[in-house]
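**Student:** Top to bottom, those sequences are chains A and B.
Going by my numbering, the residue at position 348 of the first sequence is 348; the numbering climbs one at a time, nothing skipped.
Going by my numbering, the residue at position 24 of the second sequence is 24; the numbering climbs one at a time, nothing skipped.
It should be emphasised that the hints constitute simulated quantities derived from the structure, not laboratory data.
Since the model is a prediction, treat every value here as computed from it, not as a measurement.
Where is the CB? At the ideal position from N, CA and C, for every residue including glycine.
Check each hint, because a few of them may be wrong.
[What the hints assert, rightly or not] Label pairs and their calculated CB-CB ranges: (1) THR63(A) with ASP259(B): 36 to 46 Å; (2) ILE23(A) with ALA275(B): 49 to 59 Å; (3) GLN93(B) with PRO236(A): 17 to 27 Å; (4) THR63(B) with ASN501(A): 27 to 37 Å; (5) VAL274(B) with ALA41(A): 35 to 45 Å.
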Amino acid sequence: MNNNEHISFLEHQGKYKGIFAWIFATDHKRIAFLYMYAIAAFFLVGAILGLLMRFELIAPGETIIKPQTYNGLFTVHGIIMIFMVVIPGLSAVFGNFFLPILIGAKDVSFPKLNNFSWWLFMFGSALAIATQLLKSGSPDTGWTFYAPYSTTTGTSVILATTAAFILGFSSILTGLNFIVTVHRMRAPGMRFFNMPLFPWSIYATAWIQLLATPVVGITLIMLIAERLFGIGFFNPDLGGDPVLFQHLFWIYSHPAVYIMILPAMGVITEIIPTFCQKRVYGYKAIALSSLAIAGVGFLVWGHHMYTSGMSEQARWFFSLLTFIVAVPSAIKVFNWITTMYKGSIDLKPPFIFALAFIFLFMIGGLTGLILGSVATDIQVHDTSFIVAHFHYIIFGGMGFAFFAAIHYWLPKMYGKMYNFKIANISAVSLFIGFNLLYFPQFIIGIQGMPRRYFDYFPKFQWAQVISTIGGVILVSAVILMIYNLIMGVRKGAKASANPWNGTTLEWQIPSPPSLENFDSAPIVKENPYDYN
Amino acid sequence: MFSNNSNFVQGVDTAFVLILGISIFFLILLTTIMIVFVIKYNKKRHSKAVQIKDSSTLEIVWTTIPLILVLVMFYFGWRGFLPMRQVPDDAMQVKAIGQMWKWTFVYPGNKQSDSLLLPINKAVKMNLFSKDVIHGFSIPDFRVKEDVVPGKNNYTWFIPGKFGNYDLYCSAYCGLSHSYMLALVRIVPEEEFNKWLASLPLKKADDNNEGFKILDKNGCFSCHSMDGRKIVGPSFKGLYGSTHEVITNGTTRKITVDDLYLETSVYDPDKDVVAGYPPGMMKSYKGLIKEKDMPKVIEYFKTLKAQ
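Isolated chain A (complex conformation) (with noise of 0.2 Å):
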């Protein structure tokens, strides 16, 4: 390869220009860029209705904000990240960017539908903030959408929900994308076990997304009907059954809960062998146990439902499938800790954050198993407890692996490097703000705080006076942490092409990467991590 003759992605003159060049990209490390972009403000909008939610909630009673308002915050605030942040974050960013070069490809298979995803993504993403703008209100239904409430509230609940469904079309489009990809673009000498772990998630992730979305479409289709035109598939004033919208929906809303997760294991994956300068352990249990979670995933979406009525049959057979979900979680976690055992660690920021990632995904998945049991689920349904476990899997599990993954491939991504002194104050005060926010909600949820309540008994102010000091330092750390990264893309020092001694393939081709990847075929490695 001749260094001389790099032109870059960035630089790489195309069909169009300006804008155009980035809004019509078909290379998918362009798409990876808008995406990014793009979710980059959507998670500050949605952070910042979280923290209007926590100042409300500072104090007992009514605080800056009036009962309706605080409704259609925790509703938006839901869709946002959920919808426009969390679902599409890992896969759509670094798996546009990196699935194809760790597999030695030149592009996705459909870089064209790539695009298209993305402006199907960006149009869901602007009729869901234009449900804010309209006279009848922001919905008010929180993101489940729960009928009857959802088929009756006088809020632009259809809106809403054509929003999501319009991004779940997104979300199928990028799955299948991805799945023929790795089917089909493979560098020659690439076999599935040869393949990094990345990729592996990545793959599992894009067969939850193409085969449950649809489920969730349709879902969302029979309650616009039943709002407009008045058919009974969920009011019983119609003749439908509440209890049916909730299970259509958890049968894709619990899968994508793994569409989150999955992918930021496998961000995990990488950086751990990387600053350990140590082949990953348990590779094959590792890649295997990621297909595991996507496959019983499917099966346990019963346990948002102990409370509903179900028979006792579907609660202890949704509680049995559950808990063996856990198991390959816990084998990935017991991987990871063993590939640092005799490593040669280097504590740079990436690996910061995925030691933070770590310790909350365990904390977030231990409390999981309290939610999976029926007798103490029973306690737990509906109160703070909720809020704080999932926030600890989404936030403090795929918000810090995104966190983690952008500090680890940004030198690849930009060719720039950011400052690491600040990169680590504000992974540490990330992990502490964090903490302090969530961790309290446990604790009143445990005594009976009720979730999405507007106001409270006072005695548990405690927590959410240390909650919201919490929520503070949180959204501090992120702004610290993005102007950090900023700074680093427009003034940091050149990033050589493998940083941090890297062994899979993103790290053998320059920083930025020419547009199509390899300016000669990769070498494929038998194990992805041979530092031999």
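Go by the hints and put chain B onto chain A.
**Tutor:** Same frame as chain A, now just chain B:
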């Protein structure tokens, strides 16, 4: 070891302690190992990593041990839950009616109350009934929770074991005043309960009035009382035909409550806001209370005389 608030506390809290105990043990163990590795194998002390081969034995061990542990947890969770579905035949039947945003409890003999008084050490079966959307019947101190789903005959039961006052929450999100859908649970000696029950009024006769049913279904009475009390909005008592000062577009004017005013207040509540009440407290009920139903509602208002 556990409190005796209800007959379920023991089973639920045993599962809690077991799962939390195992979880905390593993959290501390794994975190400690992680920290030790990070310090011991830091590249300053350990400059060359030792490449280690995978071991199937180890993978099988750390698959089997968690599997056994989670099955034990599953068993205790199930055992703690099972009694919650086994209602004794002689349990007292109380109907809990959830509606936006209040609870009503109907006792044997068609007596009704806003708070839940119960005799100690007697099994009570709560038949859960919703008039509108899904609510959640939750008494955390008793480890009791079940959704109140319209169109379904959900139930729960318990035996209260300790005198005192407890909080009943609505646990399933149900709209504007979800967080105010609370009720008081009081556990008293049996004689006191019987005396109280005898003094309760019968279920209201208004239940057959069409206008009442519409207002009730939409939760209007959670914010507007029928007895002159000020809750969130003005009371409905004696409202029709009375004169009020309202604020329209920032200017105060005097109006008489008539058909048109009532209709405006339902469909566009912020247009004429009664002086002394903040705007933005009520949402529009356009589409929820149909225009063809308005005459029935107005007829009902006319029956709510000032005396």
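**Student:** Now tell me if each hint is right for this structure.
**Tutor:** Checked hints:
1. THR63(A) with ASP259(B): 36 to 46 Å: holds (38 Å)
2. ILE23(A) with ALA275(B): 49 to 59 Å: holds (53 Å)
3. GLN93(B) with PRO236(A): 17 to 27 Å: Between GLN93(B) and PRO236(A), where Cβ atoms are some 22 Å apart, the hint holds.
4. THR63(B) with ASN501(A): 27 to 37 Å: holds (32 Å)
5. VAL274(B) with ALA41(A): 35 to 45 Å: holds (42 Å)
In terms of the numbered hints stated before, the structure departs from none.
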